[in-house]
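Residue numbering for the sequence shown follows this note's numbering, starting at 1 and increasing by one per position.
Calculated directly from the structure, the hints in this document are not laboratory data. Because the structure is a prediction, the values reported are computed rather than measured. Please note: incorrect hints may appear among the correct ones.
Claimed, not checked - FRET-style restraints, in silico, Cβ to Cβ:
| hint | residue 1 | residue 2 | range |
| --- | --- | --- | --- |
| 1 | A321 | R383 | 43 to 49 Å |
| 2 | P8 | D172 | 19 to 25 Å |
| 3 | G245 | E38 | 38 to 44 Å |
All C-beta atoms, glycine included, are put in the ideal place defined by N, C-alpha and C.
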Amino acid sequence: MFKTRIFPVPDPQSLGRFRAPTSDSPTASALDHWEAAESAPGLDAVVTAADHIRNTNIPVGFPTETVYGLGADATRSGAVRGIFTVKGRPLDNPLIVHVCDLDMLRGLCDKELPAVYRPLIERFWPGPLTILLPVSETARYTLAPEVTAGLPTFGVRLPASPLTRTLIRLADVPLAGPSANASTRPSPTTAQHVVDDLSGRIEVVLDGDACGVGVESTVVDGLCNPPVILRPGGISLAELRAVPGWERVERAYDDKAHGGNAQLDCKIRHIEDTLKPRAPGMKYKHYSPKARVVLYESGKAQAVPQEALSQDIEREGRQAAILGLVRTGRWPTLATNLEKTVAASDGSITAASSTETSKGAVYRLETYNHPSGPKILEVDLGRELSSIAHGLFFALRDLDARGAGVILVEGIADDSDDMASAVMNRLRKAASEVR
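Using the sequences and the hints, build the whole thing.
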């Protein structure tokens with residue numbers, strides 16, 4: 001058992017900058033080299049975490065713009081195995097590699113970056129997009145085999161968080177970084193979430209405030225024809241299709257609402273074990289709170305009248321003394337026919353340690369007594385997709401902490417080209433039952 005400590009980093013934006021290109025070469029980019037600051041508030045904490053990554057096999061918790069990650073040196077097997085041990089993660093679930101700049105990305109390749117990715121990098125990096133590349137045995141950085149789970153490709157991204165990029169620069173190695181939660185649990189969006197799951201298993205958690213996106217990166221494979229989305233996330237299908245060379249990109253993840261196109265002709269798909277996930281989040285039950293989650297698909301959620309919803313609440317309430325209800329804008333509030341007894345003191349819950357930032361996940365929480373018995377905790381995430389995505393994991397964790405045994409979740413329509421696909425993909429993986 002370790003003593004887990006949170007190290008605040010109060011001003012992540014001051015931790016470094018991209019150095020201006022020094023060459024007139026057509027391949028020169030403003031993202032070529034990230035420089036760490038010589039001094040900045042919280043820099044000592046990042047130095048401590050980087051030293052930990054270089055010199056131990058114990059991963060560190062760190063914030064990104066998507067969710068909090070659990071980072072280790074991606075080139076050392078002992079360090080990478082530490083991630084799997086801490087999370088309780090299956091060894092056949094590959095890890096995403098994080099780099100601080102394009103120079104480090106080139107150090108993972110033995111040839112030029114495939115041309116299909118260049119317009120994506122120009123448009124979306126740094127940001128919540130992961131690309132698949134062939135594994136190299138001769139590149140400057142050799143990935144530990146545990147990173148790829150035996151696959152011929154690996155996922156890599158350049159995160160938008162200056163804190164993450166500076167951590168990688170100071171560690172001077174690519175960072176293997178899955179979400180910093182116990183395996184199958186909801187992804188963490190605050191430093192405290194990391195401690196809630198992993199206290200005693202790791203020593204260092206960098207606190208750079210709440211995450212701004214709230215769901216993980218979109219994972220794409222451009223080595224296929226047509227290119228595919230392996231995991232929905234912070235970049236939408238419509239945004240990808242607006243990029244030259246990606247007009248025909250398709251979904252290829254296993255999702256009941258969309259289905260995956262298993263017949264896509266991927267040139268590098270020569271994996272004997274077809275059960276191996278090609279990207280994180282494709283295979284296993286994931287994002288789940290301790291409570292039993294019942295998800296109403298968007299069409300059904302829209303059609304559930306108040307009376308029928310009350311009947312479902314009463315039926316589920318027989319199995320749980322405390323029942324959670326997550327609204328996303330269409331279900332009527334329970335105030336129409338239930339007696340409200342308690343309300344949150346300020347009418348909102350925030351994920352951020354400071355409510356002065358706009359990054360905190362804010363939502364309505366009302367507490368009711370139901371005539372048939374269960375206490376009902378009603379969370380309203382609002383109608384805006386950004387607020388739903390931002391508050392989803394925090395709300396599931398919050399209801400867990402308040403003792404909910406069952407959580408009913410109102411699904412959202414995900415047939416449009418936006419982050420709704422990512423939200424519903426996570427909810428379907430979290431759900432014990434889909435109605």
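> Broken hints, numbered, in rising order?
Replying inline: Failing hint: just 1.
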